[in-house]
Amino acid sequence: MRNDRFFKLFSISLLSLWLVIFALIPLLSTLGLSFLSVDDNHFFKWPLTLANYGQVLDPLFLHIISRSLYMSIFTTLICLLLAYPFAYILAQLPAGVKPFLLCLMIIPFWTSSIIRIYAIMALIKTRGILNTVLLHVGIIHQPLHLLFTQYAVFIGLVYNLLPYMILPIYTNIDKLDKRLIDAARDLGANRLTIFLKILLPITLPGILAGVILVFLPTMTLFFIPDLLGGAQSMLLGNLINVQMLTLRNWPLGCATSMVLTCLMFVFLGLQHYIQQHSSSTGKQAAGQR
Amino acid sequence: MRIRWLLWGFYEVENNIIEIKSLSKTFHGQTVLNNINLNIKNGEFLTILGPSGCGKTTLLRLLSGLELADSGQIFFKNQDITHWPPQQREIKTVFQSFALFPHMTVFDNVAFGLKIKKLAKNVIEKRVDAALKMVKLESLANRKPSQLSGGQQQRVAIARAVVNQPAILLLDEPLSALDYQLRKNMQFELKSLQQQLGITFILVTHDQEEALTMADRIVVMKDGNIEQVGTPRQIYEEPNNVYIAKFVGQANIFDVTVLEANQHNVVVSLENRTFLLTNKKGFNKGDKALLLLRPEDLHVLGSNEVNDSGMMIPAKVEQFIYKGSTVDLILRSASGQKISATEFFDEDDEKLEYAIGESVLIEWVPGWEVLLPYEE
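The listed protein sequences derive, respectively, from chains X and D. Oh and the first sequence: position 92 is 92 in the numbering used here, straight run, nothing missing. Oh and the second sequence: position 334 is 1334 in the numbering used here, straight run, nothing missing.
To be clear, the hints were calculated from the coordinates, so they are not data collected in a lab. Since the structure is predicted, the reported quantities are computational estimates derived from the model, not experimental observations. One thing to keep in mind: the hints can contain errors.
[Stated by the list, open to error] Each computed DSBU-like pair below joins lysine-lysine, with the alpha-carbon atoms no more than 35 angstroms apart:
no., chain 1, residue 1, chain 2, residue 2
1, D, Lys1285, D, Lys1021
2, X, Lys197, D, Lys1246
3, X, Lys178, X, Lys98
4, X, Lys197, D, Lys1136
5, D, Lys1041, X, Lys98
[Stated by the list, open to error] From the derived model, a few chain D residues whose C-beta atoms are all more than 10 angstroms from chain X:
no., residue
6, Ser1064
7, Leu1066
8, Leu1100
9, Lys1121
10, Asn1164
11, Leu1178
12, Arg1183
13, Val1229
14, Asp1297
15, Asp1308
Beta carbons: idealized from backbone N, C-alpha and C, even for Gly.
Based on the provided sequences and hints, a complete structural model is requested.
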């Protein structure tokens, strides 16, 4: 009994310690740093200032932030549109095939994502595999200029983040009682009604989880716009990267990071709100997490 | 001519709401329903009884339109509905484990079918309220299914189907998710609901007691075939074969040989004794047959109580199980056959005391036995 309590105390304090060291302290120091002044020799110096946040609100920065949001929203939307049917079909397949297909989907992610982005570059460059095949088949007569455009960034982001959308949605659809669909059909619902009134609301927790998992990383995966988009397509992640590593302006980088953190909190809050107000299944799913 | 046609039509509608003709269904090359023929009467409580995998649920799904038949036809009020989609059929289903929509309130669950029909809002409200009142749930209209007990969920499922005013209500193992006491209560409630609504109920179950309690007629199925159709009494007292006899209640089964036979009677040999029984199934001399005796039809007498032991089976008591309202006996005949008997307390024998190892004689009321053709 006493051992048991000791173990409980030990494991909880270990976990708390971990979170304090690796989450709370870095977050607080980022926050603190964002209010300090830049110094060319020592990274930062006194006094406290709001100048960094003033700079974040600069039209140029706001432009990058709004572009990041726009890219994130589009990437998330494309991921959702691709992932939902994929997850639905996957969930309908026989139980023996499902793990195999899930495995196939995950295996590429055992290699470094930078390598996979270089692979995409090889695929979509002007004399790449995609253009060669399309020209050969005769679908196009001029090679497509995809690389170093916004489309390439979209392709890279969607490719990298799609599994994070598929998995939570798949889990939701897979555990859905198939008799609910039967019941809806029995009561006269057509396919569209079943989708809108039954499938969508019940799988909403999965959709929300997928959206969170895709939306936020989109803004921070700076190497994808770097490699695929060329110089023009800066996202919030790239901005932070440049400020921290190239310009060595840590306070400004921290202030920009805090903008990202605030965005994250807004979205998590939104997800929580929707789940609380949508359905009992949503509440259960939220409780499980 | 026309009057005759009208009368014929009237007669048909009144009597058979569903006619199933040579219906077959296979899944992945496996025959689930094999040439099913069945007429279902308007307003009856029909129970389809069989073990899991006998095709009873598939038959229900073909009736609701959730599955389509490979061959054969289904007629609803003389109309061929074999290929109609579910929404066109006046047939609604109460699903196993209820399949309530978890994200909707009780009210929205019940209103689902009516909203799809795009009825006016006040009409929907009126009909949903009436349906909830019928199942005594009017106070819980704003709850979510997860906030209800199993019995309440069951009622919502019934209300959700009935509110669409179907001509036929299909119930797929509706009570299997409930505990014993609740199941008992719901059996009576379903029966009275059916009488109150006056519509046809088709209930699928693997529970023979449930079938006997509720049904006007029982369809016994096995391996995609219909084994017997009849009233609960017919199924229990005159089963067509050993399978049905064993599935519907307990039965002692003896191999016997027909020694003599005429139109009315047979003489069979059993335990080196001869028994004179009625010949209902046209047995001939020399036939092998199976004699079926229900435990509760057997009367176990102490050897000293009996003067004439003709038409009785001698046996020894092996086990004595007191069950409150009855006493169950496990007996062993001279030839070594195990026999179950259930004895009731009555004025003839208030004590029902038997000693283990006691020699007894078993008798039954002539005619209560069932004599079936021999099968392996």
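To see whether the hints hold, each was checked on the structure:
1. Under the criterion of a C-alpha separation no larger than 35 angstroms, the hint pairing lysine 1285/D with lysine 1021/D is inconsistent with the structure, at around 38 angstroms.
2. In summary, the hint linking lysine 197/X to lysine 1246/D is not supported, as the alpha carbons are separated by about 46 angstroms, beyond the 35 angstroms threshold.
3. Simply put, lysine 178/X and lysine 98/X have alpha-carbon atoms about 16 angstroms apart, close enough for the 35 angstroms limit, and the pair holds.
4. The hinted pair formed by lysine 197/X and lysine 1136/D meets the criterion: a straight-line CA distance of about 26 angstroms does not exceed 35 angstroms.
5. Distance hint between lysine 1041/D and lysine 98/X is unfulfilled; the C-alpha atoms sit about 45 angstroms from each other, more than 35 angstroms.
6. Non-interface status of serine 1064/D relative to chain X is broken: a Cβ of that chain comes within 10 angstroms, the nearest being about 6 angstroms off.
7. The beta carbon of leucine 1066/D sits about 5 angstroms from the closest Cβ of chain X, which is not more than 10 angstroms, so the claim that it is off the interface is violated.
8. Distance check for leucine 1100/D against chain X: the nearest CB is about 8 angstroms away, which does not clear 10 angstroms, and the non-interface claim fails.
9. Chain X leaves lysine 1121/D outside its interface by the beta-carbon criterion, the shortest separation being 17 angstroms against a cut-off of 10 angstroms.
10. Asparagine 1164/D, annotated as away from the interface, has a beta carbon of chain X within 10 angstroms; the closest lies near 7 angstroms.
11. In this structure leucine 1178/D is separated from chain X by more than 10 angstroms, as the shortest Cβ-Cβ distance comes to about 17 angstroms.
12. No Cβ of chain X comes within 10 angstroms of the Cβ of arginine 1183/D; the nearest lies about 20 angstroms off, and the non-interface call holds.
13. Against the 10 angstroms criterion, valine 1229/D stays outside the reach of chain X, whose nearest CB is about 25 angstroms from its own CB.
14. Against the 10 angstroms criterion, aspartate 1297/D stays outside the reach of chain X, whose nearest CB is about 42 angstroms from its own CB.
15. For aspartate 1308/D, the non-interface assignment is confirmed: its Cβ lies about 61 angstroms from the closest Cβ of chain X, beyond the 10 angstroms cut-off.
Hints 1, 2, 5, 6, 7, 8 and 10 from the earlier list are contradicted by this structure; the remaining hints agree with it.
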